[in-house]
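Colleague: Chain by chain, the residues run as shown.
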Amino acid sequence: MTLKRIIDLLCRPLSLWPCAAARARATRPYAICLLLSLWLYPAALIAAEQPDVRPIRIGLTAVFLDDQVAFTNWWRDYLERRLGRPVKFVQRSSYREIIDMLRQEKLEFAWLCGYPYVQHRTRMRLTAVPLFRGKPLYQSYLIVPAADTQTRSLFDLRGKIFAYSDPDSNSGYLYPQYLLLQQGVQPADFFVKSFFTWSHRKVVEAVAVGLAQGGAVDSYVWETLARTYPDLTAKTRVVNKSPEFGHPPFIAGTAATEQEVAIMRQTLLAMAADVEGARLLLRLNLDGFVRGDDSLFAPISRMAQLVEKKRNAPD
Amino acid sequence: MRLIKDLSLRYKIPLRVMVLVIGTALAVTASLVFHEMDELRRNLIANADNMGGILAKTLVAPMMHDDVWRAYEILSTPSPALGQSDLLPGKLERGAEVMLILDRKQQVYVSRQPADYPMFSDPAQINPEYLAVQRTQLNLNSSHATVVESPDSKHLFLLTPIVSDGELLGTLVMSYSKALFLPRFYNLAQRAALVTLMVLAVLLPISWYWGQRTAVPLVKLADAMGKTGARLPDPQELALEESGDEIGRLGSAFKRMLAELEEKANLEQQMVLADRLAAIGRLAAGVAHEINNPLGGMLNAINTYQRHGDNDPMVKVTLSLLERGLLQIKDTVAALLVEVKVQSHPLERQDIEDVRTLVQPNLTDNGVALVWENDVLGPLPLPSTLIRQIMINLLLNAVHASGKGGQVCCHAYRSSSNFFIEVKNNGNYIPQEKLPYLFEPFAYMSTNGHGLGLWVTYQVVQQLGGEISVASEPDNTCFTVQLPLPETYGHSHTT
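Protein chains in written order, with the numbering used here: chain A, 322 to 636; chain B, 298 to 792.
By construction, these hints were calculated from the structure, which means they are not laboratory data.
We put the CB at the ideal spot given by N, CA and C, even for glycine.
A few of these clues could be false.
[What the hints assert, rightly or not] Think about it this way: if two alpha-carbon atoms lie no more than 35 Å apart in a straight line, the pair counts; the simulated DSBU-like pairs of lysine-lysine are:
hint: 1; chain 1: A; residue 1: K481; chain 2: A; residue 2: K562
hint: 2; chain 1: B; residue 1: K524; chain 2: B; residue 2: K561
hint: 3; chain 1: A; residue 1: K427; chain 2: A; residue 2: K556
hint: 4; chain 1: A; residue 1: K427; chain 2: A; residue 2: K630
hint: 5; chain 1: B; residue 1: K552; chain 2: A; residue 2: K514
hint: 6; chain 1: B; residue 1: K475; chain 2: A; residue 2: K481
hint: 7; chain 1: B; residue 1: K627; chain 2: B; residue 2: K731
hint: 8; chain 1: B; residue 1: K552; chain 2: B; residue 2: K524
hint: 9; chain 1: A; residue 1: K514; chain 2: B; residue 2: K451
hint: 10; chain 1: A; residue 1: K562; chain 2: A; residue 2: K631
hint: 11; chain 1: A; residue 1: K427; chain 2: A; residue 2: K456
hint: 12; chain 1: A; residue 1: K481; chain 2: B; residue 2: K402
hint: 13; chain 1: A; residue 1: K427; chain 2: B; residue 2: K354
hint: 14; chain 1: B; residue 1: K613; chain 2: A; residue 2: K556
hint: 15; chain 1: B; residue 1: K475; chain 2: A; residue 2: K556
hint: 16; chain 1: A; residue 1: K481; chain 2: B; residue 2: K517
hint: 17; chain 1: A; residue 1: K481; chain 2: A; residue 2: K630
hint: 18; chain 1: A; residue 1: K427; chain 2: A; residue 2: K631
hint: 19; chain 1: B; residue 1: K701; chain 2: B; residue 2: K552
hint: 20; chain 1: A; residue 1: K514; chain 2: A; residue 2: K556
hint: 21; chain 1: A; residue 1: K514; chain 2: A; residue 2: K481
hint: 22; chain 1: B; residue 1: K517; chain 2: B; residue 2: K451
hint: 23; chain 1: B; residue 1: K451; chain 2: A; residue 2: K556
hint: 24; chain 1: B; residue 1: K517; chain 2: B; residue 2: K309
hint: 25; chain 1: B; residue 1: K552; chain 2: B; residue 2: K302
hint: 26; chain 1: A; residue 1: K409; chain 2: B; residue 2: K354
hint: 27; chain 1: B; residue 1: K451; chain 2: A; residue 2: K481
hint: 28; chain 1: B; residue 1: K402; chain 2: A; residue 2: K514
hint: 29; chain 1: B; residue 1: K627; chain 2: B; residue 2: K613
hint: 30; chain 1: B; residue 1: K402; chain 2: A; residue 2: K631
hint: 31; chain 1: B; residue 1: K517; chain 2: B; residue 2: K552
hint: 32; chain 1: B; residue 1: K402; chain 2: A; residue 2: K556
hint: 33; chain 1: A; residue 1: K631; chain 2: A; residue 2: K481
[To be verified] Residues of chain A clear of chain B, computed beta-carbon distances all greater than 12 Å:
hint: 34; residue: R375
hint: 35; residue: R403
hint: 36; residue: K556
[Said to hold, decoys possible] Quick list of simulated restraints, FRET-style, between CB atoms:
hint: 37; chain 1: B; residue 1: S373; chain 2: A; residue 2: G505; range: 36 to 42 Å
hint: 38; chain 1: A; residue 1: T443; chain 2: B; residue 2: H362; range: 29 to 35 Å
hint: 39; chain 1: B; residue 1: S373; chain 2: A; residue 2: H441; range: 32 to 38 Å
hint: 40; chain 1: A; residue 1: Q412; chain 2: B; residue 2: N438; range: 39 to 45 Å
Please construct the entire structure, taking both the sequences and the accompanying hints into account.
Modeller: In structure tokens, the structure reads:
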């Protein structure tokens, strides 16, 4: 509430623009974007003063709670100090846009899901894998509204409304698709309706308010939410937990040099070792980063192949 | 009802004024409250319409892309789902109770309350009020929301079409509970009642005061009329309002009536008195005549016997005794029989001065001071003997009444047509109850005298066509004799 008030106050000068008060409310998202860009302006200034230093652009996706502006700014400042270079976090509403930007070399790095990584492995280099509860692994949770005490598995949700997070998410899309297709069920026929919320957190919200009767969500996000917003997760019930998969990794795109990859990896791996990095990790609800290897993502790769095959050739 | 009718105007008028004031205050308050409520409703609809228009435009893209979550987020944007805090009156305009999008099949596409109105549900089955909503034909070209409000419905629905390129994608339905108006209504009514009470607190005492002021003269008049019975109230005591309005006029008319009634009563009393005295006079005269004839015979017989009869001393003594007794009777009868057919010369100034000389020894004996005023200059056409008799009678009475060290005033004067004698003394006054019998024979018995003085005076004055009146109060008793002056002397007094 207070945050909202602060944003309101900050946005007030913007209403100097010829727009009615009612429209000010509608334009608030744009106003926030504008504010953000103003916030980022000093960084751009530094870049302008030192034209020889390119900023490192890191794409962020909803594999973590990416809607905490103050936190991401703090992390960015931390990385800038460690890397000795300006850092620019780039956020988009879907994984696909970040993937596209990586491919277009508009980003050096990205924190992505394992699913797009296995699909585009040739153009991406594994930089670091987060440690969640001591392991570089996570799960896909099947959640239903807390009021629903009947559902025992995904197959009990036939004819229901289902919420996916992102079509490029492993835990929020690939795994439930895999489960259904494995049983020879076409997901489009199984659910009466399914939709994407483009974020794990919003899957939890959609299930919590009852908009969807089931949803697939990243275990790391759900558990982190359970820590910070227990009221929200309390409105959902975890029905099933998937086998463990490789945690969404930090990857480097073709735009990043080997040296940059090395420095970035070192910086991330060293986070747990210094005080500020540890505090950041605490906020991230992570234990640190490890180098990781492709074998972590082999199960995802297998599921992706099966889904690809079944979808193309339904029974 | 009867009780109200019988209530005094003292209360009835203020009560009526108060009823009027309260009625006016209530009517004004009610109209203000209802006007405010109407305004509130219009504001709500205007705001909702405005918001619905913006939302409908924003919802076009998510509807076209079948982005349920985005549509849900847009519905949730305007304000948090209506919680308890939104029931506060000030927040009424902000949150719709239920917001949902109906698809072209009139099913829920998405709602802000998915738990109550899940996707694909038929809202009419959840809440029959939506039947009216589903039946409503929307004007796709209008930029304003359609208001659906059936009288038996508990909700007000605002329907905004979500239109792209002239095609209806869905309908945004915002529902507002009419119960939301109630807290606002109570709040308004409460404030209005408070203001009304404050106004009444000022107006009621004023209206009570004015009502009282209007009623009091009427009440006084009614009280005065109520007192008027066998005894007439003194107009001075009544304290009626003096004013030119109707009540004032009634009051003065009433006073006039009282004065006339009193005058009439006095007149009647005087007439009764005069009649009685006249009757007594006739009786006395008749008896006197009847006594006089045998009396004369008896006295003649005694006289004759004394002159010609034998001189038996015993008889002489007896006859002498009889004669004295008979003479006393004769005197008394003569006094009763007032004889005005006395020939006498017209009244002159000296005749009156003689009276002074005559009573002087009496004054000296009793130590009474005399204030003498004789304003008669020339001869008056009145019998001097009778006037002198009147004056002597009144003066002797006055001297007697004033007692030792007292004072007697005598004033004789004339006007153009009347002659007046005023005799005052400062002695014992005559009690009110004795006044009516004052002029009757033997009524006002004195210790000396035969009690016929005033009777004789009255008779004389009556026979001269005049009036005698007396006013007596402590230290001042005044006898006034008024005698009309006949045009020629010698005719009027011979009756």
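Colleague: Now tell me, hint by hint, if it's right for this structure.
Modeller: Results for each hint:
| no. | hint | in the structure |
| --- | --- | --- |
| 1 | K481/A / K562/A | 20 Å, holds |
| 2 | K524/B / K561/B | 18 Å, holds |
| 3 | K427/A / K556/A | 39 Å, violated |
| 4 | K427/A / K630/A | 32 Å, holds |
| 5 | K552/B / K514/A | 102 Å, violated |
| 6 | K475/B / K481/A | 34 Å, holds |
| 7 | K627/B / K731/B | 29 Å, holds |
| 8 | K552/B / K524/B | 13 Å, holds |
| 9 | K514/A / K451/B | 32 Å, holds |
| 10 | K562/A / K631/A | 23 Å, holds |
| 11 | K427/A / K456/A | 31 Å, holds |
| 12 | K481/A / K402/B | 19 Å, holds |
| 13 | K427/A / K354/B | 33 Å, holds |
| 14 | K613/B / K556/A | 160 Å, violated |
| 15 | K475/B / K556/A | 30 Å, holds |
| 16 | K481/A / K517/B | 91 Å, violated |
| 17 | K481/A / K630/A | 25 Å, holds |
| 18 | K427/A / K631/A | 34 Å, holds |
| 19 | K701/B / K552/B | 45 Å, violated |
| 20 | K514/A / K556/A | 21 Å, holds |
| 21 | K514/A / K481/A | 7 Å, holds |
| 22 | K517/B / K451/B | 61 Å, violated |
| 23 | K451/B / K556/A | 30 Å, holds |
| 24 | K517/B / K309/B | 15 Å, holds |
| 25 | K552/B / K302/B | 28 Å, holds |
| 26 | K409/A / K354/B | 34 Å, holds |
| 27 | K451/B / K481/A | 31 Å, holds |
| 28 | K402/B / K514/A | 16 Å, holds |
| 29 | K627/B / K613/B | 20 Å, holds |
| 30 | K402/B / K631/A | 33 Å, holds |
| 31 | K517/B / K552/B | 13 Å, holds |
| 32 | K402/B / K556/A | 31 Å, holds |
| 33 | K631/A / K481/A | 22 Å, holds |
| 34 | R375 | 35 Å, holds |
| 35 | R403 | 36 Å, holds |
| 36 | K556 | 10 Å, violated |
| 37 | S373/B / G505/A: 36 to 42 Å | 38 Å, holds |
| 38 | T443/A / H362/B: 29 to 35 Å | 31 Å, holds |
| 39 | S373/B / H441/A: 32 to 38 Å | 35 Å, holds |
| 40 | Q412/A / N438/B: 39 to 45 Å | 40 Å, holds |
Figure legend: structure checked against the earlier numbered hints; hints not met, in rising order: 3, 5, 14, 16, 19, 22 and 36.
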